[in-house]
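A.B. asks: The primary structure of each chain is shown beneath.
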Amino acid sequence: MAPLPVQPQPPPRLWRSPEPKRHYEVVIVGSGGHGLATAYYLARNHGIRDVAVLERGWLAGGNMARNTTIIRSNYLFDESAALYNHALDLWEQLPAELEYDFLFSQRGVLNLAHTEQEVRDSRRRVFANQLNGVDAEWVEPAEIAELCPILNLSEDIRYPVLGATLQRRGGIAKHDHVAWAFARKADEMGVDLIQGCEVTGFETDGDRVTGVQTSLGPIGAGRVALAAAGRTTLLTDTLGLRLPLQSHPLQALVSELLEPIHPCVVMSNHVHVYCSQAHKGELVLGAGIDTYNGYGQRGSVHVIERQMAAALELFPIFAQAHVIRTWAGTVDVTPDASPIIGPTPYENLFLNCGWGTGGFKATPGVGWVYAHTIATGRPHPLNEPYGLDRFTTGALIDEHGAAAVAH
Amino acid sequence: MLLIHCPWCGDRDETEFHYGGQAHVDYPDNPNDMGDADWAGYLFLRDNPRGLFHERWSHTAGCRRWFNVVRDTATNEIHPETAGKVAP
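Protein chains in written order, with the numbering used here: chain C, 4 to 410; chain S, 54 to 141.
It should be emphasised that the hints constitute simulated quantities derived from the structure, not laboratory data.
The C-beta atom is built at its ideal place from N, Cα and C for all residues, glycine as well.
Don't take every hint at face value.
Chain S is faced by these chain C residues, among others (derived, beta-carbon under 7 Å) [stated by the list, open to error]:
1) LEU237
2) ASN296
3) TYR298
Residues from chain S shown here face chain C by an in silico Cβ test under 10 Å; the list is partial [to be verified]:
4) ASP66
5) PHE70
6) GLN75
7) ASP89
8) TRP92
9) ALA93
10) LEU96
11) PHE97
12) PRO102
Modelling step: build the complete structure from the supplied sequences, incorporating the hints.
C.D. replies: Printed below as a string of structure tokens:
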């Protein structure tokens, strides 16, 4: 077995804790990965450094701290493949650029197929990926056995593995360190990261937003950019702006620490579980959202039970592993399972929301295009299809079930 | 796991139910007269409160009937909305 990787040592001081100024050129609401990456690229790509990132809790303590850290870009539709693959290109260069080893590990992502129809759908996705320049392969069980020896490839299980798609450039990263890496560089360039500052509403003047109301008093803003994930509609409701979003619990769990045994990421849409092994040794498992709306950051036990049953059929070797911790994030789900990134009816208020179950992998890509949108007032070509108006025009990007994971 | 009160069958586990989203969203009276924005609103826009939410559930593994509850989306506390009434 390979030795455990050494955990990166964080630099002694990561960011300042400034008092908020009374006005900023740009205020970003939410200091998760998306808010931090957006602030970083606003400063780096557009020279906009009079920026505050406001966070009601602590930095990267929401969904960023709760995700299963998987990175891939094997989406079916052109718009999705372009956006997520842009993110993947950035992931590969970021450890050097941010001068921070956040343990980006391109160990490969297998998406299993268990039925004849799923084999056809998966092969179609591979072809679509290849046409879009996304690395993708179809692999047969014999090759899967070499890639992931602990996977149960018996033909006698309820849903035998008939093959899989493989994205070799996919993998995992250490999510907390990703956030801290972006935070440190944004801070160095003058961005104010302000924790314990809850945004409760907006100041408006006609069709312009002039600032935000916060638990630390009003803060004026030239432009306001939301990156508040599951709590986005709680903010837009105060403007009377209705969005096609529903907030749901999304659960994950980790096992006790195990020696390195699980060499890649394995996802199964059909039995619906995804599993990888964290750098430290925990198995990290996730599945779908709980069906009902919820802000409680906890979900239902039967969801965990089903995903563990699925995992045990695929990985009988894990039968004796203990679950150490379960938790849930609050994810905002759109009707077409694709995000909303772009302008609003308020000319200087921008939206980044609706990522549902898939936000982490997009972190640098969305930061890049959202910063462009905020800086120029217009969408970047990569997020142009992701406007709010698609729900009126009907130009949906319907990734339900097409995106290599069920939503 | 939620414990949900079916007006006909009583308290049952969440696994017996199917979630139906927001309650009281009526099919438009004159769909042919509606513009795209209004139709999009009917199809896609729903309330998403943190707090009390009127929602529909179907007792799919039981009596298969639809009904409404009021649930607090922060605490999951459930109040039967109109016990014994069929959902609209």
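A.B. asks: Now tell me, hint by hint, if it's right for this structure.
C.D. replies: Here's how the hints hold up against the structure:
| no. | hint | in the structure |
| --- | --- | --- |
| 1 | LEU237 | 6 Å, holds |
| 2 | ASN296 | 5 Å, holds |
| 3 | TYR298 | 4 Å, holds |
| 4 | ASP66 | 8 Å, holds |
| 5 | PHE70 | 9 Å, holds |
| 6 | GLN75 | 8 Å, holds |
| 7 | ASP89 | 5 Å, holds |
| 8 | TRP92 | 8 Å, holds |
| 9 | ALA93 | 4 Å, holds |
| 10 | LEU96 | 7 Å, holds |
| 11 | PHE97 | 4 Å, holds |
| 12 | PRO102 | 8 Å, holds |
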